[in-house]
Amino acid sequence: MLTLFIILPLCGAFIIFLAGKYSKHISYFMGWFIPAILSILSIKLLLAKEVFTYNIGGWAPPLGITLVGDGLSLLFLAVVNVVVLMAAIYSIPYIEKYTSKWIYFALFLVMHASMNAALLTGDIFNLFVWIEIGGIASYILVSYVVEPEQLEASFKYAVLSSVGLLMVLLGIGLLYAYASTLNMADIARVLSAKPNPKLINFIVVLFIVGFGTKAAIVPFHAWLPDAHSSAPSPISALLSGVLIKSLGVYALIRVLFNVIGMNAQLKEVIIVLGCISMVVGVLLAFYQWDFKRLLAYHSISQIGYILLGIGLGTPLGILGGLFHLVNHSVFKSLLFLNAGAVEYSTGTRDLKQLGGLSGKMPITGSTSLIASMSIAGIPPFNGFWSKFIIIFACIQAGKFWLGFIAVVVSLLTLSSFLKVQKYAFFGELKEQWKELKEVPWLMCLSMIILSLMCIGFGLLLVPAIRSFVFDPAVSVLLNGIKI
Amino acid sequence: MIQIQVLLVFMIIAAAIAIGTSDLLGAVVSIGAVGLGLAIVFLLLQSPDLAILQLVVEILSLVILIRAVGIKDTVNVRERRFIATSISVILMGLFLVFASLAILEIPKFGNPAMKLSFLYLKDGFRQTGVPNIVSAIMLDYRSFDMLAQIVIAFTAAIGVVVIARKKIYVNKDKK
Amino acid sequence: MTEYFLCLVLFCLGLYAILIKRNLIKIIIGLAIMEYAVNLFFILIGYKNSGTVPIFSSLKEPRPEIMVDPVVQTIILTNVVIGLAITFVLVLIAMRIYEKYGTYDIRKVNRLKG
Amino acid sequence: MIKKPAQGMTLIVKTITRYTVVLILMFGMYFIMNGHLVHGGCFAGGIIVALSIIHIMLAFGKDVAFKRITERAIKLCIGLGAFSFLLLGIIGFTKGAFLYNFFRKPGVDYIGQPFSLFSSGIMPLMNLAISLTVASGFCAIFLALIVYKPGGGDKNTGRKL
Numbered sequence: 001m002l003t004l005f006i007i008l009p010l011c012g013a014f015i016i017f018l019a020g021k022y023s024k025h026i027s028y029f030m031g032w033f034i035p036a037i038l039s040i041l042s043i044k045l046l047l048a049k050e051v052f053t054y055n056i057g058g059w060a061p062p063l064g065i066t067l068v069g070d071g072l073s074l075l076f077l078a079v080v081n082v083v084v085l086m087a088a089i090y091s092i093p094y095i096e097k098y099t100s101k102w103i104y105f106a107l108f109l110v111m112h113a114s115m116n117a118a119l120l121t122g123d124i125f126n127l128f129v130w131i132e133i134g135g136i137a138s139y140i141l142v143s144y145v146v147e148p149e150q151l152e153a154s155f156k157y158a159v160l161s162s163v164g165l166l167m168v169l170l171g172i173g174l175l176y177a178y179a180s181t182l183n184m185a186d187i188a189r190v191l192s193a194k195p196n197p198k199l200i201n202f203i204v205v206l207f208i209v210g211f212g213t214k215a216a217i218v219p220f221h222a223w224l225p226d227a228h229s230s231a232p233s234p235i236s237a238l239l240s241g242v243l244i245k246s247l248g249v250y251a252l253i254r255v256l257f258n259v260i261g262m263n264a265q266l267k268e269v270i271i272v273l274g275c276i277s278m279v280v281g282v283l284l285a286f287y288q289w290d291f292k293r294l295l296a297y298h299s300i301s302q303i304g305y306i307l308l309g310i311g312l313g314t315p316l317g318i319l320g321g322l323f324h325l326v327n328h329s330v331f332k333s334l335l336f337l338n339a340g341a342v343e344y345s346t347g348t349r350d351l352k353q354l355g356g357l358s359g360k361m362p363i364t365g366s367t368s369l370i371a372s373m374s375i376a377g378i379p380p381f382n383g384f385w386s387k388f389i390i391i392f393a394c395i396q397a398g399k400f401w402l403g404f405i406a407v408v409v410s411l412l413t414l415s416s417f418l419k420v421q422k423y424a425f426f427g428e429l430k431e432q433w434k435e436l437k438e439v440p441w442l443m444c445l446s447m448i449i450l451s452l453m454c455i456g457f458g459l460l461l462v463p464a465i466r467s468f469v470f471d472p473a474v475s476v477l478l479n480g481i482k483i
Numbered sequence: 484m485i486q487i488q489v490l491l492v493f494m495i496i497a498a499a500i501a502i503g504t505s506d507l508l509g510a511v512v513s514i515g516a517v518g519l520g521l522a523i524v525f526l527l528l529q530s531p532d533l534a535i536l537q538l539v540v541e542i543l544s545l546v547i548l549i550r551a552v553g554i555k556d557t558v559n560v561r562e563r564r565f566i567a568t569s570i571s572v573i574l575m576g577l578f579l580v581f582a583s584l585a586i587l588e589i590p591k592f593g594n595p596a597m598k599l600s601f602l603y604l605k606d607g608f609r610q611t612g613v614p615n616i617v618s619a620i621m622l623d624y625r626s627f628d629m630l631a632q633i634v635i636a637f638t639a640a641i642g643v644v645v646i647a648r649k650k651i652y653v654n655k656d657k658k
Numbered sequence: 659m660t661e662y663f664l665c666l667v668l669f670c671l672g673l674y675a676i677l678i679k680r681n682l683i684k685i686i687i688g689l690a691i692m693e694y695a696v697n698l699f700f701i702l703i704g705y706k707n708s709g710t711v712p713i714f715s716s717l718k719e720p721r722p723e724i725m726v727d728p729v730v731q732t733i734i735l736t737n738v739v740i741g742l743a744i745t746f747v748l749v750l751i752a753m754r755i756y757e758k759y760g761t762y763d764i765r766k767v768n769r770l771k772g
Numbered sequence: 773m774i775k776k777p778a779q780g781m782t783l784i785v786k787t788i789t790r791y792t793v794v795l796i797l798m799f800g801m802y803f804i805m806n807g808h809l810v811h812g813g814c815f816a817g818g819i820i821v822a823l824s825i826i827h828i829m830l831a832f833g834k835d836v837a838f839k840r841i842t843e844r845a846i847k848l849c850i851g852l853g854a855f856s857f858l859l860l861g862i863i864g865f866t867k868g869a870f871l872y873n874f875f876r877k878p879g880v881d882y883i884g885q886p887f888s889l890f891s892s893g894i895m896p897l898m899n900l901a902i903s904l905t906v907a908s909g910f911c912a913i914f915l916a917l918i919v920y921k922p923g924g925g926d927k928n929t930g931r932k933l
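Just so you know, the sequences run in chain order H, F, U and L.
Each residue of the first sequence is one higher than the one before, starting from 1 at the first, in this note's numbering.
Each residue of the second sequence is one higher than the one before, starting from 484 at the first, in this note's numbering.
Each residue of the third sequence is one higher than the one before, starting from 659 at the first, in this note's numbering.
Each residue of the fourth sequence is one higher than the one before, starting from 773 at the first, in this note's numbering.
Keep in mind that the hints were calculated from the coordinates and are not lab data.
These numbers were taken from a predicted model, which means no experiment stands behind them.
Some clues are possibly wrong.
Among the chain H residues that face chain L by a calculated CB cut under 10 angstroms, a handful are [to be verified]:
1. 3
2. 6
3. 7
4. 15
5. 18
6. 19
7. 54
8. 55
9. 57
10. 58
11. 59
By construction, the Cβ of each residue, glycine as well, lies at the ideal position given by its N, Cα and C atoms.
Hey, can you work out the whole structure from these sequences and the hints?
Here is the structure:
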């Protein structure tokens, strides 16, 4: 069952590469059909409330590579597959004007497979390899429309994340030399049997630098605004919505919580990193007039919220962090898709040139309003609930100043998005946008579905649903993996 | 092992030349020297598989780097930036200090722990019928890694094709 | 220990090149040096004193106890391929940048700001 | 054997290439076939095969190489190799698990006769599939780099090689 998440996208990619050149409908069909199947499957697995394992090649864990689907993996898996489905539906009209659509969809599915595999694998070196593959596919997709800005962003992204991942590899080497095994549960067992603070601290620093580069935590965030703002919009949505989470945050928390084991010091470090990311991201976003660049800086800020929640280490904090992660991937991909829709019909991303678009593009306008209110934390939408839980967890843990910072950053986010709404969608309609039309219906469809999710995801907190969705993941982070 | 240390010093010198020289072609050739040194180290440390692979990969990447350098680029920045240089040297120094504290904790050179790999060595030949244990691990025990490698080759190939394409928009005038 | 230390020095040299150098090709070279250093580190941690190649030559005398570590060799095998792929993609992107901007100098490749 | 084209390197290089290309190709083939028995392996073998084709391209110019191998065939080989590897993995489902060595009989040591060419189940087939992808993939990369000429952008940068 778990292998399907890797086999199907790869199979689709290879078939598209073989046959997609002759008929573009094959690549379109494969592009949306495989994520659709997998998202249904992943939701079904999430509701089953079990721990799935699968031994690849029939070899038991220390010898072979095991796929592990526990609560945390399955939660991430569901989010990734749903967002990938939306981005795939959105890409079909968006990509129409470019050549080599089949290679676009092949790379898209390779990226999908790599994210799924990185989430499911239980082997630390295999995790590294799949992160690397997702990275290579995304470097190429960022520079898919070969414009100068995109090439520059892609080069920067590739160099920085390669350096980060080499650091991770050095850490894996030290870990292997010490523990002499590669399976994550095994390494955790060895490390708890013979702890060694000097070595482990160095390895932790290497892992934070490496995965932090992938997750764009603040000292290592330089690549994110460039890559996110210049990539094609569905790819931006994927990068910001799921890739930095599944390859960055997931890998970081999986390694820190389940392999190395958290202690009070490490929690402090993660909280501090999260706070810096929150504040710096939102302050830098304040001065941006490029729509997508502004969203990219907000991604950094929201990643800070997630790290803050998870770093608190209390069950409520972890719940808040994971819930905010789910919400963020929904509303941030929706915002990037909105920005893409604006760019698709007007050809510009500069907020100063836009204005009054919500009259001409009602669906884009209303969905972006929902997403903006959601990211700013206005009560009925999902962003409010997760931010509320994180702030409440801060207060519960006795760290009032953290809660205060979170509230202030939330207010700054609100003001920043009021700016977006005012300049882009409300206000006077400029002369040159008189002839605008709404974007094609497939793009509208994916935006509408995502905005419905934005409205409805507050329901995930109802205890009956929460026990399926979040409680297994929280217990995995608190108690460690069991195979 | 004294041979390894000599080779490592050779590689460090070659790498320093590759970084420091102002001639790009010379830099590429020096990086080739580093790679060849690495191939010899692999050979000395009993892994001929890797020595062959490293040699071949070195040739291929050398050819392609020379192709990139062949665009005659005269830009070469030789300027003194004391602040940036000193900050990065301090960073490197800190990294080296902490790293050398950390490497004191792992098993010494020449005495690996080999808990997992001894299982492979003991049973690998019997279970898979492959005398080359590296191939046995690569293709049978950890064949998921092999799948990943093949996906990497596939991705790089089609990625290079897509970046190198000339025509980007379907309609010429639509931009 | 000396071997490990020299290997880390090589790693630092690559990092230095990436941080300081402003030529795109030099940055790619720095990345390649870091790849080499990590590969070297792995092969060093897997070596056993007076070990032999992990390849059996006959069925008669299997002596697994004196062979060197095969797992690190598979790790390096994968890593070499990853490095090759990344180098190619980067070289091609650098060449396209040269076409668009007319230079490899990173200070002139700065249309993205902020 | 290979006709003299107008482009390419000098006569000496061409003459030597004519004799060495076959040797390099056979060396690569040897590695691919014996990857599971001796040192070497599918990846090195695939790259060596790719290098032999690159050798022809460098010495004789790309037109001669294109006569032998078209770009479409190379792309087909990339997809076919990768797909057949995945297919080998999927066939493993019938006997137990993904990527299971389906020639293995439970309880019997040494799949096939040890040290013979057709031993160890699916590994020679896997070697073949991988080397097909690797060889054609790196050929495609090299083609893209060598066919690609800077130009089309600014006038002063479109220098020819």
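| message | Check the structure against each numbered hint from earlier and tell me which ones fail, lowest number first. | response | Violated hints: none at all, because every hint is consistent with the structure.
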